[in-house]
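**Q** Spelled out, the chains give:
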Amino acid sequence: MVETHTYDVVIVGAGGAGLMAALNASQIANVAVVSKLHPMRSHTGAAQGGIGAALGNLEEDHWEWHAYDSVKGSDYLGDQDAIEFMCREAVQAVYDLEHYGLPFSRSTDGRIAQRPFGGHTNNQTGKPVRRSCYAADRTGHMILQTLYQQCLKNGILFYDEFLVLDVLVDGGTCCGIVALELATSVIHVFHAKAVIFATGGHGRMWEITSNAYAYTGDGVAAVVRRGLPAEDMEFFQFHPTGIYKLGILITEAVRGEGGILINDQGQRFMEKYAPRIKDLASRDVVSRAMYLEMKAGRGIGGQNYLLLDARPDTVNRYAEADGRTRPDGTPYRVTAEEILSKIPDIVDFCRTYLGVDPAVQPIPVQPTAHYAMGGIPTDIYGRVIVDESNRVLPGLYAVGECACVSVHGANRLGTNSLVDLVVFGKHAGLHAAGYARDADLVPLPPQPESFALQQLASLRAGDGAEQAARIGKELRSLMFDHVGVFRTAEGLRQVVGALEDLRERYHHIRVQDTGTTFNQELQSAWELGNLLDLAYITAVAAEARTESRGAHAREDFPHRDDVHWLKHSLAWLEGDAIRLGYKPVVITSYPPRERTY
Amino acid sequence: MELQLKVFRFHPEKDLRPHYDLFSLEAEATDRVLDLLEMVRAEHDPTLAYRRSCAHGVCGSDAMRINGKNGLACKILVHDLRSRQITVEPLLGLPLIKDLIVDMEPFFAHYRAVLPYLVNDEPLPEDGRERLQSPAERDRFDDTTKCILCAACTTSCPSFWANRLYLGPAAIVNAHRFIFDSRDRAGARRLKILAERQGVWLCRTAFNCTEACPRDIHITQAIAEIKNALLNHSI
Chain A
17 MVETHTYDVV IVGAGGAGLM AALNASQIAN VAVVSKLHPM RSHTGAAQGG
67 IGAALGNLEE DHWEWHAYDS VKGSDYLGDQ DAIEFMCREA VQAVYDLEHY
117 GLPFSRSTDG RIAQRPFGGH TNNQTGKPVR RSCYAADRTG HMILQTLYQQ
167 CLKNGILFYD EFLVLDVLVD GGTCCGIVAL ELATSVIHVF HAKAVIFATG
217 GHGRMWEITS NAYAYTGDGV AAVVRRGLPA EDMEFFQFHP TGIYKLGILI
267 TEAVRGEGGI LINDQGQRFM EKYAPRIKDL ASRDVVSRAM YLEMKAGRGI
317 GGQNYLLLDA RPDTVNRYAE ADGRTRPDGT PYRVTAEEIL SKIPDIVDFC
367 RTYLGVDPAV QPIPVQPTAH YAMGGIPTDI YGRVIVDESN RVLPGLYAVG
417 ECACVSVHGA NRLGTNSLVD LVVFGKHAGL HAAGYARDAD LVPLPPQPES
467 FALQQLASLR AGDGAEQAAR IGKELRSLMF DHVGVFRTAE GLRQVVGALE
517 DLRERYHHIR VQDTGTTFNQ ELQSAWELGN LLDLAYITAV AAEARTESRG
567 AHAREDFPHR DDVHWLKHSL AWLEGDAIRL GYKPVVITSY PPRERTY
Chain B
-14 MELQLKVFRF HPEKDLRPHY DLFSLEAEAT DRVLDLLEMV RAEHDPTLAY
36 RRSCAHGVCG SDAMRINGKN GLACKILVHD LRSRQITVEP LLGLPLIKDL
86 IVDMEPFFAH YRAVLPYLVN DEPLPEDGRE RLQSPAERDR FDDTTKCILC
136 AACTTSCPSF WANRLYLGPA AIVNAHRFIF DSRDRAGARR LKILAERQGV
186 WLCRTAFNCT EACPRDIHIT QAIAEIKNAL LNHSI
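As they're listed, the protein sequences go chains A and B. Counting along the first sequence from 1, when you hit position 581 you're at 597 in my numbering, and nothing is skipped either side. Counting along the second sequence from 1, when you hit position 174 you're at 159 in my numbering, and nothing is skipped either side.
Derived from the structure by calculation, the hints contain no laboratory data. Glycine is no exception: its CB is placed at the ideal position from the N, C-alpha and C atoms. Hints are supplied without guarantee of correctness; some may be wrong.
Stated by the list, open to error - Result set (EDC-like, lysine to aspartate or glutamate): computed pairs, CA atoms no more than 20 Å apart in a straight line:
1) A/Lys358 to B/Asp127
2) A/Lys169 to B/Asp106
3) A/Lys489 to B/Glu11
4) A/Lys169 to B/Glu90
5) A/Lys261 to B/Asp20
6) A/Lys261 to B/Asp16
Stated by the list, open to error - Derived coverage of chain A by chain B (criterion: at least 3 residues anywhere in the stretch with Cβ under 8 Å from a Cβ of chain B; other residues may be distant):
7) 51 to 58
8) 113 to 124
9) 154 to 168
10) 227 to 235
11) 362 to 371
To be verified - Selected chain A positions facing chain B (in silico; Cβ < 10 Å):
12) Gln108
13) Glu177
14) Ile259
15) Leu265
16) Arg486
17) Thr530
18) Gly531
19) Asn535
Chain A on its own, in the form it takes in the complex:
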């Protein structure tokens, strides 16, 4: 049985980007939101440290500085027109959130509080600037809640716990999606003038990750299976501070508030790698430094972790050494109460999972797979791009982590994921609604559900010689070992081969649960297929890129190569093969320079 629904705009995903798109699109158009999770479970809620915007509430700041920092953070792979648009719009977007009711932490004069964050600087002094607008260390939680609350207030229609299976494109125009209702296994066709994908990332292909179980790249996978490209998939961010072994995120705000990374010899090793901003260098820089320290035997007790020390004595000692001051010019000194009050959730995570009180003991950390810079290529209105010449596919949009505008280039700056989803969620929502107002509903192709049904059927028809759980485990370990912070030609070649093998073995799994109610075995098998396809693209694109740039660090090609590689990759999945193409990076004000912190 197939149920068909018709709307002007269908939004797939109900995290920050999807909800922001829904709120804005609903001002003009008839909207429905289709989401795998109940909106309040979305991964935006796990974002901690803040959203960057040059409000200048505590000290001088300019959106142009934010733009330059983002370009530099991206290792010059970000498109500068898009970055300038994002950083200029970020200021209004943060005010929009406040007006929606977001409970930002406040400065003494009642304005939105701001804190330093990795890679955000005063462009004149090169010193860290307070730009990250925060609500304690649960900024993402508050963004998600606030946007959902506003959606309720505005009567937005939600289809919760629906997994997207396919995107419908007919005659070069998008006309809807196909989704599986998880509670019943009923197939739904959503016929629409415009579709906005806001399905999040795909970090669950790595063994150690900060990402939710839901992060299986459902939107990107649906798009690439329809012959559309994915952009810059070789760039995946490893956040420096995941809890050792668990990967749970410890926000950069801990370092923003004065925390320090320490090796086995008790050294603040970031002084060597980033002499000016040290522990607040870009994430790729810090993760690489950590890896090199561990490789040199300076991990704690020779093991694969380091310490994040946020004890007040340590913070104050290094604040004094750095000459750090408060906005009023007095020396920066903290008490245990003060530092803990700014990171209450981090304190809770440390106590729960490690039995460690961060005011008394340092936190064991290792780099953790965190954020997809790559994804579905789009322009600044979220319109999906299908080739090297930036041709747009009418009616199809993508925003947030599943999209690649590209504003993050080869490495995203901390806080910019939230900036991205609010700014582009808003503009894609407005654009899609405007488009839908003027466009005609394109008829559905005959039997629009057939491609999805055929893929679902194959998951039940395998010979059962392979187990999905085992394939998933092998995938995560391969990716973590060879497509992590550092990569080599040999490791990548090995992974590409292994992935070809895993994708073949995947055809032999067989879903045992024949039921229709929350058939999560079927759901997990589908999600595994998504991860396998995207891992394959990631590894192939990474093997091809023979340079080091941002999060893509090749041991065998240690330098950035602007002559050959200042370009975005586009990857098409064609059966069992991948075709790569490239398109130029947009440079406006900031010619590529050597990147030092």
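Chain A is already provided as a structure; the job is to place chain B on it using the hints.
**A** Here is chain B on its own, set in the frame of chain A:
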């Protein structure tokens, strides 16, 4: 260590009534209860159904009864339970769907009933910037902004078990979050809703909610503050 995991099972298409399955697992003391469930699914029974997503206590998906007490499966570790016998069961008071999955809609309907959004139709500041709020005003409702709507509190409340129409602690917490926000203007409307038959007066201060909250929100206190506001006709 080896432990016994007893899991509540119910398949609505096959079972007339629920039963328990027992799994012997090799686990670490620091494993989360969620890790045990993942182990069951990967190695023993891929058909086991439960919700989960973030796996570190911020998304609110995996609230369930663990050895008889409500908690998040991703936030309770094996050593927290001080037992090698661990029983997991679905939340009480919400309709059972399958295994550990319950129908959350009645819970969210109560949330929606308290106007859980900022209401303020006054003009925005002329400079287009933020509305001002002092740190003290912000602190007034900080605790109740932490709610992740996991339902651990509401489904541990004896008043809710006795009367499923009672709005319950989570909805009241979310009303509190706006009633005490200096920027909001609908406090009186929310208080009126909370003063009705299914509102705060059904709270018997059992403190179950406060004990169950994985975010350590002082829920009973928040409810008391609402009661006080109603008695004093003030917010």
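**Q** Next, verify each hint and record whether it holds.
**A** Hints versus structure:
1. A/Lys358 to B/Asp127: Distance ~12 Å between A/Lys358 and B/Asp127 Cα, so the pair holds.
2. A/Lys169 to B/Asp106: 13 Å, holds
3. A/Lys489 to B/Glu11: Given that 20 Å is the threshold and the Cα spacing comes to 18 Å, the pair holds.
4. A/Lys169 to B/Glu90: 17 Å, holds
5. A/Lys261 to B/Asp20: Answer holds: A/Lys261 to B/Asp20 is near 13 Å, not above 20 Å.
6. A/Lys261 to B/Asp16: 11 Å, holds
7. 51 to 58: It holds, with 5 qualifying residues against the three required.
8. 113 to 124: holds (count 10)
9. 154 to 168: holds (count 8)
10. 227 to 235: Check passed, 3 qualifying residues.
11. 362 to 371: Result for this restraint: holds, n = 4.
12. Gln108: 8 Å, holds
13. Glu177: Interface hint status for A/Glu177: holds (9 Å vs cutoff 10 Å).
14. Ile259: Since chain B brings a Cβ to about 9 Å from A/Ile259, closer than 10 Å, the hint holds.
15. Leu265: 8 Å, holds
16. Arg486: 8 Å, holds
17. Thr530: 9 Å, holds
18. Gly531: 5 Å, holds
19. Asn535: Holds - the Cβ of A/Asn535 comes within 10 Å of chain B, reaching about 8 Å at its closest.
No hint from the list above goes unmet by this structure.
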